[in-house]
Structure formats: structure tokens, C-alpha cells
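Enquirer: Protein chains in written order, with the working numbering: chain A, 7 to 121; chain B, 63 to 175.
No lab work stands behind these hints, which were simulated from the structure alone. Zero decoy hints are in this set.
Taking lysine-lysine pairs in the DSSO-like style, the calculated list, with each CA pair at most 30 Å apart, reads:
#1 Lys76/A x Lys89/A
#2 Lys63/A x Lys76/A
#3 Lys158/B x Lys132/B
#4 Lys77/A x Lys15/A
#5 Lys140/B x Lys117/B
#6 Lys158/B x Lys76/A
#7 Lys89/A x Lys20/A
#8 Lys63/A x Lys132/B
#9 Lys158/B x Lys77/A
#10 Lys158/B x Lys140/B
#11 Lys174/B x Lys140/B
#12 Lys63/A x Lys158/B
#13 Lys15/A x Lys89/A
#14 Lys135/B x Lys63/A
#15 Lys135/B x Lys158/B
Not close to chain A: a few residues of chain B, all C-beta gaps over 10 Å, as computed:
#16 Gln70
#17 Glu91
#18 Asn92
#19 Lys132
#20 Lys140
#21 Pro175
Cβ atoms here follow ideal geometry from the backbone N, Cα and C, with glycine treated the same way.
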Amino acid sequence: DGGITQSPKYLFRKEGQNVTLSCEQNLNHDAMYWYRQDPGQGLRLIYYSQIVNDFQKGDIAEGYSVSREKKESFPLTVTSAQKNPTAFYLCASTRRPGLQAYEQYFGPGTRLTVT
Amino acid sequence: AQTVTQSQPEMSVQEAETVTLSCTYDTSENNYYLFWYKQPPSRQMILVIRQEAYKQQNATENRFSVNFQKAAKSFSLKISDSQLGDTAMYFCAFMKQGGGMRFGAGTRLTVKP
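With these hints in hand, go ahead and build the complete structure from the sequences.
Expert: In C-alpha cells, the structure reads:
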């Protein structure tokens, strides 16, 4: 089945540690995205990548880093510089920008708790 | 920067009735895309309906339809014949070509039996 996988579903870390969230897709999509969702709020864009080896900052990139070495993978690292890392993180992908269908397909999310 | 506003934090509707969720947005772009996503308690984001800004005709998808008013920058979602399974958070989202999505804060919809 084609889709987006995020692992693990729940992640716990101590304050001051960096942590990397996994996102893999087998949809052959070119563009991938990371969003953060806090309780009672909408999704906010962290980073996105339209092609391999290229990515752009979203609205709340501070304290996060990404890489895009393969088309299928777009890992997100939450660094110790992120002041409030506890949140629900969603990864998404879409077909190559330039086509009409811009809908994004979402993974199941990772709940990160930092104490 | 684009902003998306959903002014109704919570709404409820009786099963089989019709409900309309509001969304307004702010942008200087002329070509863009609008979406409604549903997020049930599982937290999986599910696309409900999408609208291309260059299309004047309102999008419909079975029981779901939109009222897209480009000049007013308004994009409301109408759910007809509401079902218990429609209970969820609903997010309005804006996307310009080549960018990421911007989401509203969401409307929590409860369908009552």
C-alpha cells in the first residue's frame, strides 16, 4: 500500500537532547512537509522540501533542522534550541509542484513529549 | 504572509441536518488553492474537499460543498445530511503554488444523534 509512515507514534525525550523524527513516503511524491500541531490549534509549517537536496524554512523553523538526501525520506530533528518541543508532529507529501492537484497527503503523526 | 481565520471554535448539529463552517483568508496572491481537512480523534488528517482559486464553480464532493467567494476571500464548507461519523475537527487551509499550507485554528464539529 502506498502511503506515508512516521515512526515512532510516541516519543519521549529529556530536555537538552536532540531528537529525530522519521518520515518516509512511497507515493513517489516530490514535495514533503513538516507541521507542528499544539492542543486546540491548527497546523503550523516548520520546513518543506520540493526536491531532493533542497528545503525551505516555514513559519516556525527556529530550533528545527531537516535533510532531504532521498526522495522518499524527510527526517526532522528537534534540537535543544527549540524552547517548547512538546507537540504533535505531522509529515505530509504532495506530487510535484506545478501540477494542479496540490492536495497534501498526511502521515499518522508523532507525539513528542520532552520533560 | 497568508493568514486563515476560522471564527467558530465549536459547532454542533443534529444528525441528518445541514451545517456550515466558516473560513476567511488573507492573501495578495491570485493563483492559489483552498482545502478543507477533517481530523477525527485518531488525529489522521483527511482531505474533505479542495477548490482552485481560478475556478468560479464551487467544488462539491457528495454531501460536502463549498461556497467560494474570491472577492470576499471567503471559503465556507457546507455539510448536508450530517452523520455521526462527521464528528471531528475541521481545518480550512490555504496553499499558493510552490509553498506549504497555512491552516486555520479549526472548528470542532459535534454531530448529535
